[in-house]
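Novice: Given these sequences and hints, build the entire structure.
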Amino acid sequence: MDFIALVLSSTIAYGVSLLLVALAGMFSERSGIINIALEGIMIFGGMAGSIFLSLMANSTFAENAPQLTVLIGMLIAGVSGGLLSILLGYAAIRLKADQTISGTALNIFAPAFAVVFVWAIQGQGLTDIPLPRFINLNAASFGIDPSEIPTWLNTLLFKKMYLTIPVAFLILIASTILLYKTPFGLQLRACGEHPQAADSVGINVKKMRYSGVIISGVLSGIGGYAFVMTSSNSTFTANVAGYGFLALAVMIFGNWKPISIMGAAFFFAFFRTVSALALDERMAFLPKFGLSNPEYLYNILPYFITMLVLAFTSKKSRAPKAEGIPYDVGKR
Amino acid sequence: MTKKTKPVVYADRRFLDRLTAAPGFTSVSASVISIIVGLILGFILLLFIDAGSSFLGMSDLLTYGISSAKSFAKVLYKAAPLMMTGLSIGFAFRTGLFNIGATGQYTIGAFFGLFAAIMWKFPWWAAILIAMLAGAVWGAIPGFFNAYFHVNEVITSIMCNWTALFLCNLIFMNTPGMWLNPSDRSRTISVVTANPSGLLPRFGLDKLLDSSYANIGIFITILIAVIVYFILEKTTFGYELKAGGYNRHASVYAGIKSKRNILFAMMIAGGLSGIGGAISYLAGTVDYTISSTSLLPMGFNGIPVALLAFSHPLGIIASSVFIGYLQVGGEAMQPEFSAEMVNVILSIIIYFSAFSLIMRGVVRKFIKRKEKKETPETPDAPVEPPVTESKGVEN
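Protein chains in written order, with our numbering: chain X, 1 to 332; chain D, 1 to 395.
Read the hints as simulated data drawn from the structure, not as lab findings. Since this is a predicted model, take the numbers as computed values, not measurements. A portion of the hints provided could be inaccurate.
Covered, in the sense of this in silico footprint (three residues per stretch, anywhere, with C-beta under 8 Å from a C-beta of chain X), are these stretches of chain D [stated by the list, open to error]: (1) 44 to 50; (2) 144 to 151; (3) 155 to 165; (4) 169 to 175; (5) 333 to 339.
Straight-line Cα separation of at most 30 Å, DSSO-like style, residue types lysine-lysine; simulated pairs [what the hints assert, rightly or not]: (6) D:259 to X:96; (7) D:207 to X:315; (8) D:257 to D:242; (9) X:316 to D:70.
Cβ coordinates follow ideal geometry from the N, Cα and C atoms, glycine included.
Specialist: See below:
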């Protein structure tokens, strides 16, 4: 029971950053802009949030209101991500530049800038930012005595619990409502499917695409912040282990739909957890195929399965029709 | 156009026009403008970080690569694999594909090149061939999925990158012969001790340049770049590949076997990256280290190499040496500034080169307007020959 709780809590912890960033990709692509810069924006947002948290580490404010500090850090991460994404939007929307290339530029920029910047403020060679301990949500944060509740429940709820996790689920719900139940969502989707038609009924395509890209930047900034907390041993290292790219795969796997994206994100996270725990004695039932270090085999599995699934479902793919194509008013 | 509309004034401008209208000129000038902007913005960032050392840092970055024969040898050492991943990505760009999987193909090539050299005691050239084949197989996967299942090659390449890393780690962990020693599995055993014939020959270059980084790798890669140029520009196969890159549907309509070509293009791209991996690690100066959290950066560095050269194989020779030069200079900036500063500058260069097509248009308009003013008697100014625009990715 304890072990199942551990697997579940790790899966959720790994999954939320993937979920957030895949949703980020979805908003951008639904508006018609391919955001390949998710990885870079994650790093940028994670950096901004981590710097804020480490600055607040010993302040009385953080002592009195630790979770409020985490929330402010999240906002800072989101705003920084949004700001960086404007660069992508400007190149893609205003200058009609190639979206993959400008996205790649941001992907190279963000990790390099993070190292240069953190190196500059922390001193030579120190490029990691350890997060302060107060960010954890544990039983005591809710005034619960951990000994009063069963161990498995404690593991499930508080082993890897950060404020970003419940917030991620709120964002998922909000995204679904925004995309399907509001005029804004309808207009955004129209711009990704057929911008000329959208324009003909009075929708400002450029504005909608900027909105899509900026929402995408904010969410991936928060996703990067969540990644630093949940998947990176609470240390910022200017590296998000390819999660930004993985999120693109999750988004496609989830067919550009929020709820399916959630499923895909936790699918990946589950295998990630399995491979992380592959050497645990409680996982002894996993076949090892006579290999040493079989965890690498389990690392490969989610990619392998996704490729097969993509191959067999590509006919049913619901990719936005106009993604990646700069909006040209004169085009039919 | 017709001889009648060619005014006398035009003759005076003929040289300038011919120059600015040449496809190479506009690309080169756009890249040069991007490079200058990148360097200026990078310098401004240095000023913000530490104004006192910024001048020294910048001069290190710009001059260290040629400050001695030793550092120049290192520039060439870095440029060789950069050229291969740049060629790999550039080749795919020209055929309308974005090979972001160069990193995975490079990793597979490096690993199997080393495997052939260490485990099978292959000579260096055979190990490079093995690396090329392994890279080609790895490139074929996204090519196959794209051609026959319509799965975007970017997504499959990204997944192949991580799969390559984990697969190499898995094989490494299960091959005791490749370990540095039984207790240290963090890196491969050095090729120097395992199989000296697996090392790239140096032909005295190491003595000439006084550096262990010197080897014939750069000459092999330049030769390959010329071959790639020949394939793309002088063969029917290359023409078909490029036609598919410009307009997939039109090429299919013209009877070109698009699916087969996508597969071949990705295989060639993968093979090129694979060779890069082998050339980098068979130099015997750096060992392959095992990581499970980060991909080798070389494949990603090939992207700016290709973009800066507008994916032209001969341009890639120049851009890879340039970027290798900056990387060596960047290391000299430490410890005042991080060597990552180079990547900041590169990213700015790429960002600006992404809309160089627009800048190019502005330059052309400017020239036209000037001409109109000077030749009022001919209302329609001489039309320049169409410029072949080497665009990066066709979507």
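Novice: Run every hint past the structure and note whether it holds.
Specialist: Here is how each hint holds up against the structure:
Counting residues of the stretch 44 to 50 of chain D whose CB lies closer than 8 Å to any CB of chain X gives 3, so the stated coverage by that chain holds, three being the minimum. Counting residues of the stretch 144 to 151 of chain D whose CB falls under 8 Å from any CB of chain X gives 4; the rule of at least 3 is met. Counting residues of the stretch 155 to 165 of chain D whose beta carbon lies closer than 8 Å to any beta carbon of chain X gives 8, which reaches the threshold of three, so the coverage claim holds. Remark: the stretch 169 to 175 of chain D is confirmed as covered by chain X, as 4 of its residues place a Cβ nearer than 8 Å to a Cβ of that chain, reaching the required three.
Counting residues of the stretch 333 to 339 of chain D whose CB lies closer than 8 Å to any CB of chain X gives 5, so the stated coverage by that chain holds, three being the minimum. Between residue 259 (chain D) and residue 96 (chain X) the CA atoms are separated by roughly 29 Å; this keeps the pair inside 30 Å, and the hint holds. Between residue 207 (chain D) and residue 315 (chain X), the direct Cα distance comes to roughly 59 Å. Violation of the 30 Å bound is thereby established for this hinted pair. For the hint pairing residue 257 (chain D) with residue 242 (chain D), the CA-to-CA distance comes to about 12 Å; that is within 30 Å, so the pair holds.
Restraint check: the Cα-Cα separation between residue 316 (chain X) and residue 70 (chain D) comes to about 57 Å, which exceeds 30 Å; the hinted pair is violated.
Of the hints listed earlier, those the structure fails to meet are numbers 7 and 9, in rising order.
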